Amino acid sequence: MFLINCPYCGERDQQEFKAGGEAHIERPKQPTELSDDQWAEYLFMRKNIKGVQFERWNHAHGCRKWFNMARDTSNDEIKAIYKMGEKPPPQ
Amino acid sequence: MLNYKTATNGEINYNGVVVKEISPTMKLNLRGKKREFLTNIGKNLNLLLPTEANTSTISDKLTAIWLGPDEWMIITNDLVKKDTNEYQLNDLLFNDISKKNLGAVIDVTDQFVQLEIKGKNIYEIFSAGSPFNFNEFKDKKGSSGQTILNHIDVIVLNKGDEIVNLFVRRSFAKHLWSWIKDCALRL
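Respectively, the protein sequence lines represent chains X and E. The first sequence runs 52 to 142 under my numbering. The second sequence runs 2 to 188 under my numbering.
Check the hints yourself; a few may be wrong.
Stated by the list, open to error - In the DSS-like style, the derived pairs of lysine-lysine whose C-alpha atoms are separated by at most 30 Å in a straight line are: (1) K34(E) <-> K69(X); (2) K182(E) <-> K142(E); (3) K116(X) <-> K34(E); (4) K134(X) <-> K101(E); (5) K83(E) <-> K116(X); (6) K116(X) <-> K35(E); (7) K35(E) <-> K138(X); (8) K21(E) <-> K141(E); (9) K98(X) <-> K134(X); (10) K141(E) <-> K121(E); (11) K141(E) <-> K134(X); (12) K119(E) <-> K160(E); (13) K116(X) <-> K142(E); (14) K175(E) <-> K160(E); (15) K139(E) <-> K182(E); (16) K116(X) <-> K138(X); (17) K139(E) <-> K134(X); (18) K62(E) <-> K44(E); (19) K82(E) <-> K69(X); (20) K80(X) <-> K34(E); (21) K83(E) <-> K44(E); (22) K83(E) <-> K69(X); (23) K175(E) <-> K69(X); (24) K62(E) <-> K100(E); (25) K116(X) <-> K175(E); (26) K82(E) <-> K182(E).
Hint data in this document are derived by calculation from the structure and do not stem from the laboratory. From a predicted model like this one, the values you see are computed outputs, not experimental measurements.
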């Protein structure tokens, strides 16, 4: 269990949040021009690294807003939290 | 408020904790981001919507609770008529906000059950079932928050004098009611 600092509500318990997978994945502009492999790459392939990973989180039981988080997956340390649409902090 | 089977029955009164349902009150959910939305709401309600997180504002008739950066809940401080589900304020806002595409106005009167919890031991109950940090909340009248209580989504509002109002979705109200009763019995 850890505390997450929601950019809108402030510090809340992890129980109130839902993880939403990897962040900053851009939908291809012309999906029809992609091969099946390229489409599968976009749709299913995720980095799942050990170290700092950029993720989307949702404050599901609070303000219900989405935001981004840079989290170290090896020790759950939260490096940065920033709103949707903002650029990720330099690593 | 239309006729319905009540989710709660009577009053809980054990070990200095008193719980009762406040009904019927009007509840409206407001969503909007535009500046015209905020000025229009202010004009119609005679009440400024709170912009600071986890707070509320109050006028002589209405209370506005902050739910998110673009979402608020408006409740009446006093009881309303029981035999109707139409509210002048709802119509007014619907014409001024929804129809002009400035935001959304939704009547959530029947969706939420409003419980009044009173007593000096109430935070013992909250700490048993909620991960929310009530330290700042309990000292500040008017503070609010959306959190979980016994795995159920609730909105809490501090009314001062050891009174807290709890808004819970109607389908969960009976379960939460019996959980609070059980908690109060064991304090």
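Tested hints:
1. Under the criterion of a C-alpha separation no larger than 30 Å, the hint pairing K34(E) with K69(X) is consistent with the structure, at around 24 Å.
2. Distance restraint check for K182(E) and K142(E): the Cα-Cα separation of roughly 25 Å lies within the 30 Å cut-off, and the hinted pair is therefore satisfied.
3. For the hint linking K116(X) to K34(E), the alpha-carbon distance of about 14 Å falls within 30 Å, and the restraint holds.
4. Taking the CA atoms of K134(X) and K101(E), the gap is about 29 Å. The hint holds against a cut of 30 Å.
5. The straight-line distance between the Cα atoms of K83(E) and K116(X) is roughly 35 Å, outside the 30 Å bound, and the hint therefore fails.
6. For the given pair, K116(X) sits about 17 Å from K35(E) by alpha-carbon distance, which is consistent with the 30 Å threshold.
7. Only pairs whose Cα atoms come within 30 Å are accepted, and K35(E) paired with K138(X) is accepted, the gap being roughly 24 Å.
8. For the proposed pair K21(E) and K141(E), the alpha carbon gap of about 22 Å is at most 30 Å, so the pair holds.
9. Taking the CA atoms of K98(X) and K134(X), the gap is about 21 Å. The hint holds against a cut of 30 Å.
10. Distance restraint check for K141(E) and K121(E): the Cα-Cα separation of roughly 15 Å lies within the 30 Å cut-off, and the hinted pair is therefore satisfied.
11. Taking the CA atoms of K141(E) and K134(X), the gap is about 28 Å. The hint holds against a cut of 30 Å.
12. Pair hint K119(E) plus K160(E) holds up; C-alpha atoms about 10 Å apart against a cutoff of 30 Å.
13. For the suggested pair K116(X) and K142(E), the alpha carbons sit about 25 Å apart, so the restraint of at most 30 Å is met.
14. Pair hint K175(E) plus K160(E) holds up; C-alpha atoms about 23 Å apart against a cutoff of 30 Å.
15. Restraint check: the Cα-Cα separation between K139(E) and K182(E) comes to about 21 Å, which is no more than 30 Å; the hinted pair holds.
16. A threshold of 30 Å between alpha carbons decides the hint, and for K116(X) with K138(X) the separation of about 17 Å falls inside it, so the pair holds.
17. Our distance criterion of 30 Å between C-alpha atoms is met by K139(E) and K134(X), whose separation comes to about 29 Å.
18. This hinted pair checks out: K62(E) and K44(E) have alpha carbons roughly 14 Å apart, not beyond 30 Å.
19. Between the alpha carbons of K82(E) and K69(X) the distance comes to roughly 40 Å, so the proposed pair goes past 30 Å and is violated.
20. This hinted pair checks out: K80(X) and K34(E) have alpha carbons roughly 28 Å apart, not beyond 30 Å.
21. In summary, the hint linking K83(E) to K44(E) is supported, as the alpha carbons are separated by about 27 Å, within the 30 Å threshold.
22. Restraint check for K83(E) and K69(X): not satisfied, since their Cα atoms lie roughly 39 Å apart, outside the 30 Å limit.
23. Between K175(E) and K69(X) the alpha-carbon distance is near 26 Å, which keeps this suggested pair within the 30 Å criterion.
24. Of the supplied pair hints, the one linking K62(E) and K100(E) holds, its CA atoms being roughly 25 Å apart against a limit of 30 Å.
25. Distance restraint check for K116(X) and K175(E): the Cα-Cα separation of roughly 28 Å lies within the 30 Å cut-off, and the hinted pair is therefore satisfied.
26. At roughly 29 Å between alpha-carbon atoms, K82(E) and K182(E) fall within 30 Å of each other, so this suggested pair holds.
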